Amino acid sequence: MNSVAIGSLRVTFDVGGTFTDVIIANGDQITCRKILNGEQLGAVAEQIAAELELLLAEEHESVGVVHGTTIASNAVVEGTCAKTGFITTQGFRDELEIRRMGRPGIYDVMWQRPEAVIPRYLRFELDEAIRGTGAIERAIDEAALASILHAFSVEEVEAVGICLLNSHVNSSHEERLAQACREAGYPTSVSSEMDREAGEFERSSTTAVNASLLPVIHRYLDEVETPFRRLDVPFSLMQANGGITTPGIGRQMPVRLIESGPAAGVLGAAALCDVLKLPGAIAFDMGGTTVKACLIENGLAVERSQFEVGGGGNISARYSRGGGYLVRTPAFDLVELGAGGGSIVWLDDDQVMRVGPHSAAAVPGPAAYGRGGTEPTVTDANVILGHIADGPIGDGTVAVDRRLAVAAFTDLAVALGLTPEEAALGAIEVANASMIRAVRAVSTERGRNPADLTLIAFGGGGPIHAARLAERIGIQTILVPPIAGVFSAVGLQIAESRFDFAQGLASPLDLSRADALEEEFLRLESRMKADLIELTAHNGDSWTYERRVDVRYVEQATSLTAALSGSFDAMSIAQLKEAFEAEHEQLFGYRRSDVPIEVTAVRIRASLGGYGVPLELFKNASVKGIESDHPSSRSIYVSRSEGRIEAWSVPRESFMTASSQLTGPGVITDTDTTIVVPSGWNVAAEPLTGSIILSQTT
Amino acid sequence: MNSLNTELSRDERKLDPKRADRRGDDAIRLEVLRHELTSVAEEMGITMQRTARSFTAREGGDYSTALIGPTGGLIAQGFANGIHLGSLVEIMIPLLDKFDGSLYEGDILISNDPYGGLSHLPDIAMVMPVFVAGELAGFSAIDLHHSDIGGRHAGGMGVASRQIFEEGIRLPGVKLYDRGLPNQALLDTIAACVRTPESVLGDLAAQAASCRRGDVGLRALIARYGLVEFRRLAEVLNSISEDQMRRFIASLPDGAYRYSEEFEQGGNASDNAVLVAVEVRIDGDRATVEFSGSSAQVDSAINVPFGLTKSATFIVFRALAGGEIFPNSGLIEPIMVEAELGSVLRPAFPAAVGARGMLMWRLIDVIMRALADASPGKVPAAGDGGANGMVFSGSSGKLLVDWYCSGWGARPGSDGVDGVSNIILGGMMHSLPGELMEQEFPVVLESFALEPDTEGAGEYRGALSMSRSWRFLEKGTVLLRSCRADSRPYGLAGGASGSPNVAYVIRTSGEREILKGISVECAVEPGDVIVHIQPGGGGLGDPSKRDAERIARDLRDGKLTVGRAASVYGWESAE
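Protein chains in written order, with my numbering: chain E, 1 to 698; chain H, 699 to 1273.
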């Protein structure tokens, strides 16, 4: 295990909508702060590098920089990917557009499908055929290949994606194409290098999205990584699977960086569960534009093998699909709703209050921020109620002005015959009701009752909303981690290297096939080791390798992933079967022990194990902010019957040192967030991780 | 999220002082309750999807969950195949009648009776009464399409049946659970009658779990609000949806709007074409939709049970009204549906109904077309007509059921979507990838592609035809289902019809045979290829007014050839 703390230096920076969150862990000294994003991210990187250079004057056992970026997600959602060519098998040119025919919103006859990531005129079919057995039915038509390459050069594409039918079984044709495209000078993504599992749409989409991100990520990293390269400091990137990776892999597989921001927060929450030995929890991350929820079981976040980028923020879109861009890459299985603090509060034609899906987002932001927003938002409601105090926030360049929030709510309140406080309280109730849907969905999907779980609340809005949300669900306990407002950045600090490799196949899970299956693993391992050596600076010996196998009952639609200990033999196969059946029973409620089991993929996860920086180091951390007064009480509007009350207000730091117990109503203030403790709740310090525990008084 | 709906609702945000008559508290409570009700119904859907056994149930998305009031009105809907919207309400009428005073905690009723509100035998509904302090407070309900229901056709959807007795086991609305105890005799009987007993029993268990989830959720909600307040709020939500539907109907000019189309044939090859005729009468904020003039019921299984006819009508109105109308009984209140008993849209017992889906699609197109006259420029042109599928029974016993769609007709202000699941229905339907098909079946998917120049031309064009072709590696029989080979998908307001359905088999000798008919059987030998070119969507508006940029983009994308651009759109090349 490689969790060295003292003597090591890790600098992380996580780019958000408005601010970049920077944490420096220098031995056991933690400093956190926020930098307002300028036009040029390179400038922010330069600034951080300059600071790092000063620290490098001292000796450190190890030094590392970790970066969390939304560049890949944003490029896909905003359609700013590079002009990219695509080659596929004859007959399948339109798959990237058709997807698998699904669409969200059953009644929406005016639905507009998002444009294919690569337009039709840049998608080319090639005459060649490989069967599912791996047999070559028709060789590549070289003349056709030459004319495709000519077309690419005429169109001046910046990158090329390649996905041929059945290439997960036999990649020789793809290799030939890749060679030709790379020789012609195109950055090229090839499905068999990305994703070796069956399902041509999923592979095509992943490859196409990846290819079209190559030039984007190259330009981006050239700008952001360079200052650190100059210092000769290892630079890593956060991935959606909760691990970090090298810029080499980031440049080759930018899809792995999509949704990495939310993953970092979930990783932090999972680490919290791991340290505190919590069997089941829900990570609840509320930011300015979205709300994320993810189930954590026994210290591990639930994972999924694919997800849609920009697929629309509701529960049923998760099932209907088709509203976004599918990528098949290991990721935490989180639900993301467009219900963040920036969500706009409005009245519909029937005078019913609605929250979202429109958002004031980072620009212009909530009205109270005084940056041009005039429409009332959830954040404004929190300002009116006293959950968010007046005064400067972030790096001090933005200040909250309660009067602006009240002004924004006035029309709406008057229309309803309510006071601004009453309308604001209503807005919070509506917002909570929509968020509860997400929390319930992630639990029910795994057969869990959310009332049995702990809520881990973070993000700027999480600790504000958590208690009311928990009451409605029946959750008894809430944990708010240290520096909860920038907890995703903590995720970058604790993340370790993690690389996932997979090979799809179709084989009975049977002792007679043990040798053949073992062979598949060995082939995958040698491919993986070659990649690791090529793409990472790490010495391959220190890695931990986890073998996992996708298995299902024959004829079943979806597989489950279970761990394999050691090689395929009678004992490990029996263990694998039992692990699969137990998981199947938990998820689906039954076993089918009389039905044969088959293997659909073998997977290896290579990781350095442990945590980059232990979570415990952050227990006393705080975000460097603007010095402001800490009044000992705060006026909070709690309910229509009680109205405004003077509640106690304690800064987080003094609460932790006093290690006392308090009973709501009150607030614990922290930079970037407020922990709202309503009446009916006790609050106590959790010394090991520096978290704050809220529990319902029974 | 980036749909036109978003734009519409942005405008809806403007305050209208005239409507400021809702009490402040309700403005908040109603929206909170909407989320809470939807959450319960969603959890029912997740529970079903999670615990179901069959591929149909877990991947087909052909199910609906609902919460229903004590008198049978819909309160809320979860994951839904829209077509069940009316069915779950329709079945409540006979069930409430039959079980008046004899419902108990822990009961679960089951029915699949097309003559009791449902749509065909494979769709099985379960309804669980929800009690609060001993009082009947409502029902949780789920309707699911099962993989088989017995009868002469595997899957229960064959066209050739002449009476419902041929179509499988019929459950007329009975207790599957009596005060929590399963009716084992009934379960054993169902298992003995179907081809896939394990799947069907597994899926029934999943449905029961889903009902119980709904029961727990609904009881928790009522406990918090109190029964009286809960009922009042549900009533208000109902009246809001009703108001929204009334506003939509009132926006249509008063009058009678008629349309009719011939459906290719009655199902059995010898039958004559079937006429689907509708008259929509708009009178202020009420609509009457009457199907008199439609053909008499036929001796095949394409008859549409009346509950489904109503459902289809309601969802057309729901879809065209746009916005986000909360799905409850309020929205069907202003719409009256009438059809003569004994007609193809309201067949009399014991007509067969297993393949009702084929005519249902046409029914939707016909209602939409009639409403297009009432609301010119606001209704989409016809799409692919639905109901396309290929079933391959190989000599080795493998059975491949492959469902797919083509695309949508042109919409006001935008082209029809190419290559997507059917408009109004089927959002949760997904195509089977070729690689998975090849892994499991002796069938190679040769292409899945958009066909250039097949759109219904218009200022806004319809979708291109989507073709699907398969090569068979073993001897077997193919059953191909299709429609709109003769009556092409209509265009609107000067827009052209979409291209017709075409299917053929290419023998290894190179010889081609056309496959014609809504349900055609074809024996295949190894190496034979079947090509199914589905219909293209109809266009909307005068093609000569089509925006040059749209033409240029289709030309660039190879969706349109220069020759057709010139002849149909009057395109003049820049060179």
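Because the hints were derived from the structure by calculation, they are not lab data. Predicted model only: the values in this text are computed from it and were never measured. Keep in mind that the hints are not guaranteed to be accurate.
[Claimed, not checked] EDC-like cross-link-like pairs, simulated, lysine to aspartate or glutamate; straight-line CA separation at most 16 Å:
1. H/Lys1096 to E/Glu97
2. E/Lys529 to E/Glu546
3. H/Lys873 to H/Glu940
4. E/Lys277 to E/Glu297
5. H/Lys873 to H/Asp798
6. E/Lys83 to H/Asp1255
7. E/Lys529 to E/Asp108
8. H/Lys1243 to H/Asp1255
9. H/Lys1076 to E/Glu546
[Stated by the list, open to error] In silico contact screen, one side only, chain E against chain H (beta carbon under 8 Å); selected entries:
10. Met101
11. Arg103
12. Ala135
13. Ala139
14. Ile140
15. Leu165
16. Gly199
17. Arg304
18. Gln306
19. Gly426
20. Gly447
21. Phe521
22. Leu522
23. Ser542
24. Tyr545
The beta-carbon is built from N, C-alpha and C at its ideal position, and this holds for glycine as well.
Which earlier hints turn out false for this structure, listed by number in ascending order? 1, 3, 7, 8, 9, 12, 13, 14, 17, 18, 21, 22, 23, 24
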